[in-house]
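So the sequences go chain by chain: C and L. Position one of the first sequence corresponds to residue 5 (my numbering), numbered consecutively onward. Position one of the second sequence corresponds to residue 5 (my numbering), numbered consecutively onward.
Because the hints were derived from the structure by calculation, they are not lab data. This structure is a prediction, so every number in the text was calculated from the model and none was measured. The beta carbon of each residue, even a glycine, is placed where N, CA and C say it ideally should be.
A few chain C residues that don't get close to chain L, going by computed Cβ distances all over 12 Å:
1. Ala62
2. Val63
3. Lys87
Output of the computed footprint for chain C on chain L, the stretches with three or more beta carbons under 8 Å from beta carbons of chain C:
4. 120-133
5. 171-180
6. 184-195
7. 220-230
Calculated lysine to aspartate or glutamate pairs in the DMTMM-like style (CA-CA distance at most 25 Å, straight line):
8. C:Lys165 x L:Asp242
9. C:Lys219 x L:Glu192
10. L:Lys238 x C:Glu101
11. L:Lys250 x C:Asp242
12. L:Lys234 x C:Glu247
13. L:Lys258 x C:Glu247
14. L:Lys219 x C:Glu189
15. L:Lys243 x C:Asp254
16. C:Lys214 x L:Glu189
17. L:Lys241 x C:Glu218
18. C:Lys6 x C:Glu55
19. L:Lys165 x C:Asp229
20. L:Lys241 x C:Asp77
21. C:Lys234 x L:Asp244
22. C:Lys106 x L:Asp229
23. C:Lys238 x L:Glu101
24. L:Lys258 x C:Asp242
25. L:Lys202 x C:Asp157
26. C:Lys214 x L:Asp199
27. L:Lys214 x C:Glu189
28. L:Lys219 x C:Asp199
29. C:Lys238 x L:Asp77
30. C:Lys126 x L:Glu218
31. L:Lys43 x C:Asp229
32. L:Lys10 x L:Asp143
33. C:Lys87 x C:Asp46
34. C:Lys258 x L:Glu192
35. L:Lys202 x C:Asp76
There are 2 protein chains.
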Amino acid sequence: MKAINKIVFIGAGNVATHLATNLKDKRFDIVQVYSRKKKSADFLAKKVDAESICNLNAVSEEADLYIIAVPDDALPEIAGKLKLENKLIVHTSGFHEMDILKSISARTGVFYPLQTFSKNRKINLSDVPFCIESKNINDIALLKSVAQTLSSDIRLMNSGKRRMVHLAAVFACNFANHMYFAANEILEQSNISFDILKPLIIETAAKIIKQTPEKAQTGPAYRGDVSVMKQHLKILKDKDIIELYKLMSDHIYKTHHSK
Amino acid sequence: MKAINKIVFIGAGNVATHLATNLKDKRFDIVQVYSRKKKSADFLAKKVDAESICNLNAVSEEADLYIIAVPDDALPEIAGKLKLENKLIVHTSGFHEMDILKSISARTGVFYPLQTFSKNRKINLSDVPFCIESKNINDIALLKSVAQTLSSDIRLMNSGKRRMVHLAAVFACNFANHMYFAANEILEQSNISFDILKPLIIETAAKIIKQTPEKAQTGPAYRGDVSVMKQHLKILKDKDIIELYKLMSDHIYKTHHSK
Numbered sequence: 005m006k007a008i009n010k011i012v013f014i015g016a017g018n019v020a021t022h023l024a025t026n027l028k029d030k031r032f033d034i035v036q037v038y039s040r041k042k043k044s045a046d047f048l049a050k051k052v053d054a055e056s057i058c059n060l061n062a063v064s065e066e067a068d069l070y071i072i073a074v075p076d077d078a079l080p081e082i083a084g085k086l087k088l089e090n091k092l093i094v095h096t097s098g099f100h101e102m103d104i105l106k107s108i109s110a111r112t113g114v115f116y117p118l119q120t121f122s123k124n125r126k127i128n129l130s131d132v133p134f135c136i137e138s139k140n141i142n143d144i145a146l147l148k149s150v151a152q153t154l155s156s157d158i159r160l161m162n163s164g165k166r167r168m169v170h171l172a173a174v175f176a177c178n179f180a181n182h183m184y185f186a187a188n189e190i191l192e193q194s195n196i197s198f199d200i201l202k203p204l205i206i207e208t209a210a211k212i213i214k215q216t217p218e219k220a221q222t223g224p225a226y227r228g229d230v231s232v233m234k235q236h237l238k239i240l241k242d243k244d245i246i247e248l249y250k251l252m253s254d255h256i257y258k259t260h261h262s263k
Numbered sequence: 005m006k007a008i009n010k011i012v013f014i015g016a017g018n019v020a021t022h023l024a025t026n027l028k029d030k031r032f033d034i035v036q037v038y039s040r041k042k043k044s045a046d047f048l049a050k051k052v053d054a055e056s057i058c059n060l061n062a063v064s065e066e067a068d069l070y071i072i073a074v075p076d077d078a079l080p081e082i083a084g085k086l087k088l089e090n091k092l093i094v095h096t097s098g099f100h101e102m103d104i105l106k107s108i109s110a111r112t113g114v115f116y117p118l119q120t121f122s123k124n125r126k127i128n129l130s131d132v133p134f135c136i137e138s139k140n141i142n143d144i145a146l147l148k149s150v151a152q153t154l155s156s157d158i159r160l161m162n163s164g165k166r167r168m169v170h171l172a173a174v175f176a177c178n179f180a181n182h183m184y185f186a187a188n189e190i191l192e193q194s195n196i197s198f199d200i201l202k203p204l205i206i207e208t209a210a211k212i213i214k215q216t217p218e219k220a221q222t223g224p225a226y227r228g229d230v231s232v233m234k235q236h237l238k239i240l241k242d243k244d245i246i247e248l249y250k251l252m253s254d255h256i257y258k259t260h261h262s263k
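Excised from the complex, chain C in its bound form (with noise of 0.2 Å):
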């Protein structure tokens, strides 16, 4: 079994690039670098050495291993398009099912990383979680070596789970921002910096390393404090963010006291 070397990424978005650059410091080849703007495959080819590609048909068929990163809407039209006979190809979604790659190669896999990643913000890769697929005992060996490389809590796992922790990842990744958002929204109504938060809000993630969500929870809804929601009701001005409001303090007061 040959060890993987050359990698040829499909995708220049934020996965991709911290893949890439990751990879690339652990001195994998990365040959190419595909994406459908130009600019964006320049970007991320130049910073890693490798080629820049902005059609599918130029994707060599030299390397070892070939990562499609792209948004989870792009990549069924990417899987129609390409064709590498035997060569080992794997995507990144935590969404799609592995066999999405099956009219590619015979040799599919996933290459999950669970974690939120953005532009100009650079991630420690060595505590996310690497949640690894393949049909085949071989490429799984491959692709672990690869991840293992990179971090060291590597999780094989089928389509079906990794699509659940998928959805539990929105929850505790977008929803939870999305509470953020709007925290800041009552902040500027009244000419507060969202600095004053910080603190607590490192705090409150900080919590669930050592406790369950449901042991760290606090505040008027789990106290069932029904004259402190009314009077939030009441100061609240956007109808969407009352709505978000009072069906939280509804859910988190019902889960709390039904047991």
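Position chain L against the provided structure of chain C, taking the given hints into account.
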């Protein structure tokens, strides 16, 4: 103006415990701890080398500062029962107005640490914002001098603004934590340990130190990926969590695409 040294705590819960033990460390003399429940009063009083009392009539008249740290719904009753003439008395509530204390003394104030406090969890108070209020300039100076021994972030703030901060904190802390709770429910359905989400939760919180929550947002609702959202709604089982998912996703999409 006499500096503050002797402090009485009315309340022995999480906020009282964190404040009293930290103030004791800063060499303040905690003279009494009151709680309705003898066991709670005894427990905290022992920690800070104070007298334990369960009767409000036993509150000493010899202290320089009285700190009421009780749940919001218990504060009105406590305030109605205390009489301390010209003594400086404050509450630690984000929600209640300063004037809830006006029948107790002519010298009232607020001493609100903006943080989530739990049992058995030590918190570094040094960057916790303390919101201070008083009508008297000398009392403001006294409260600042106490707060400055604990934290470098002291803010003079009136009751109206403080209430908005408290409301924003409910979103940023309680509601964000509830999203961790929902994520945990989803993972439990598939027998996946909540551990897998911890690096994501920490990074999601850490992101907003440098970016606005608006800029930090990612995920299917933000991208408007209808096909992923439809699938997510299919695999969710709990009807309340489905409702939360819909409302959150609609609101995220709307707020990011209406500008």
